[in-house]
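In the order they appear, the protein sequences are chains A and B. So in my numbering, spot 88 of the first sequence is number 88, and the numbers just go up one at a time. So in my numbering, spot 198 of the second sequence is number 198, and the numbers just go up one at a time.
Hints in this document: simulated from the structure, not taken from any laboratory. Take the hints with a grain of salt, since some may be wrong.
As the list claims (entries may be wrong) - Cross-link-like lysine-lysine pairs, in silico, DSS-like; alpha carbons within 27 Å at most: (1) A:64 / A:24; (2) A:64 / B:71; (3) A:39 / A:64; (4) B:71 / A:39; (5) A:68 / A:39; (6) A:68 / A:24; (7) B:166 / B:216; (8) A:68 / B:71; (9) A:68 / B:202; (10) B:71 / A:24; (11) B:166 / A:24; (12) A:39 / A:24.
Values in this document were obtained by computation on a predicted structure and should not be read as measured data.
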Amino acid sequence: MAIIVLAPMTPEDIATLIVRTSLKDRAAFDLLYRQTSAKLFGVCLRVLNDRAEAEEALQEVFVKVWTKADRFAVSELSPMSWLIAVARNHAIDRIRARRRPAADIDAALDVADPAPGPEALAVAGGEADRIHRCLEELEQDRADAVRGAYLKGESYVELAERHAVPLNTMRTWLRRSLIRLRECLER
Amino acid sequence: MTASDPTGPERDDDVLAAEYVLGVLSAGERQAVAQRVEQDPAFARLVDAWEGRLSPLAAGYAEVEAPPSVKAAIDRRLFTSSAAQQDRTGLWSSLAFWRGLAAAAFAALVLAVAVPYLGAPPSPPQMELVASLTAEGSDVRYVAVYDGVRNEVRLSHLAGQLASDKDFELWLIEGKDAPVSIGVVPAGSTAQLTPPVLVREKLAQGAVLAISLEPKGGSPTGQPTGPVVAAGDLNDI
Chain A
1 MAIIVLAPMT
11 PEDIATLIVR
21 TSLKDRAAFD
31 LLYRQTSAKL
41 FGVCLRVLND
51 RAEAEEALQE
61 VFVKVWTKAD
71 RFAVSELSPM
81 SWLIAVARNH
91 AIDRIRARRR
101 PAADIDAALD
111 VADPAPGPEA
121 LAVAGGEADR
131 IHRCLEELEQ
141 DRADAVRGAY
151 LKGESYVELA
161 ERHAVPLNTM
171 RTWLRRSLIR
181 LRECLER
Chain B
1 MTASDPTGPE
11 RDDDVLAAEY
21 VLGVLSAGER
31 QAVAQRVEQD
41 PAFARLVDAW
51 EGRLSPLAAG
61 YAEVEAPPSV
71 KAAIDRRLFT
81 SSAAQQDRTG
91 LWSSLAFWRG
101 LAAAAFAALV
111 LAVAVPYLGA
121 PPSPPQMELV
131 ASLTAEGSDV
141 RYVAVYDGVR
151 NEVRLSHLAG
161 QLASDKDFEL
171 WLIEGKDAPV
181 SIGVVPAGST
191 AQLTPPVLVR
201 EKLAQGAVLA
211 ISLEPKGGSP
221 TGQPTGPVVA
231 AGDLNDI
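Excised from the complex, chain A in its bound form:
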C-alpha cells in the first residue's frame, strides 16, 4: 500500500509524487522531500549565500510545493525543472527583497559552486550540450553574465557593477544575448 521506492527515481516517479502531493498525500510529500530537497537546498544556498536564510527559504519552498503542486499538472516542464523553478523564483524574490546585494561572491563560490560534475552533465545529456554550445557562441563575458544571472540570481544592477558597464548597456547585452540564445536553441 505504502509507496516504497528506492533511489534513483525517474522523472516519471517524481512527477507522480508531485501529483500525489497535490492531492494532499503526505507520504508522497515526505518522499518527494527526501528525493529532491538536497538539490533545492543547493539552489537556495547558491542564490542566498547565507545558510540560515537558505534553510528558511527551503521551508517556504516546500510549503509552496505542498500548496501549489496542482500547478504542475498544467505546466509543460519536467518535474525537476518545475521544482527548481519554484525554488529559484522563491530564492530570487527573497534576495531582491533584501536591501543589500549578496555579500561576497567569492564566499558564495566557496560555499557551493561545483561546476556541473560529469555525472550531472551526463544526466542532462544532449539538451545540456546544446545550451552550453549556444552559450559558447556568445562573447565570453556575455555568456558569463547569463550563467551568473541564472545560478546566482544576480540583478541587472549587480551584473552591471560586476562587469563595470552602465546599466543600460547591461540590459542591451543581456536582451540581445537571450534572443541569440533562443535562435541558437531553435536551430
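Guided by the hints, dock chain B onto chain A, whose structure is given.
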C-alpha cells in the same frame, strides 16, 4: 520588433519572460511579471518555455543535504495542530493554511460524493480509483471514479458552468505523452464514459485525468484545444 534584428534593447513579451526566468529583474518588476503569469496563460507558456530552455544550467547547483530541522519545521508549519494552537494569529492569516483547509474540505466532499459509488460489496481496492479534478483559477470541479471491473469512468459535476456552445472533454495524461481522449463529458450532474480499451490499463495504474474546454462535440484535432479547467490524479481510496 523582430527576433532576428535585435538592434535595440526593446523588450517584447518573450524577452520579458526570459528576463524573469533568468532572474535579473528588480523586485517590483518581478512582482508584476509573476502576477501576469497568474492571469495570462499565453504569457505563462512563454515563461515555461524559457524555464525549459535554461533548465540545463541548473546542473550547476550542488546537492547539499539540508539539516533535519528544516523538514521538521515544514511539517510543523503544514500539519501540526498544536502549532495552530500556539500560533493562532500567524496561522489564521496564513494563505497556506486556508488553502490547506479548503483542500481538506474538498477532500471530505470527494469522499461524500464518491461513497455512494463505492457500494456495499467490498470490491478489490485497486479496481476503484477516485480523482478530484480541480485547477487553480478555474471554478470547474468534478469527481471521477474509475470502475476497473465495468471499465467505466463515472463523473460527478460539483461546480462550474459551461457555455452552451462548448463541451467539456475528459483526457488521460501519462507523463509527458500526448493526452488521450476518454470522451466528451455528457451534460448533467452525473455522467458515465466508457474509455477506449487502450487506455484501460493506464487508468487502472492510476493516471492523471484532465478536463479541457472544447468546441461543441469535442476537440476537432484529437488533442486538447482549450484550457484545462480541471485535473487530478486517480488514486486508491
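Any hints this thing doesn't respect? Which numbers, in order?
The structure conflicts with hint 11 only, although it agrees with all the remaining ones.
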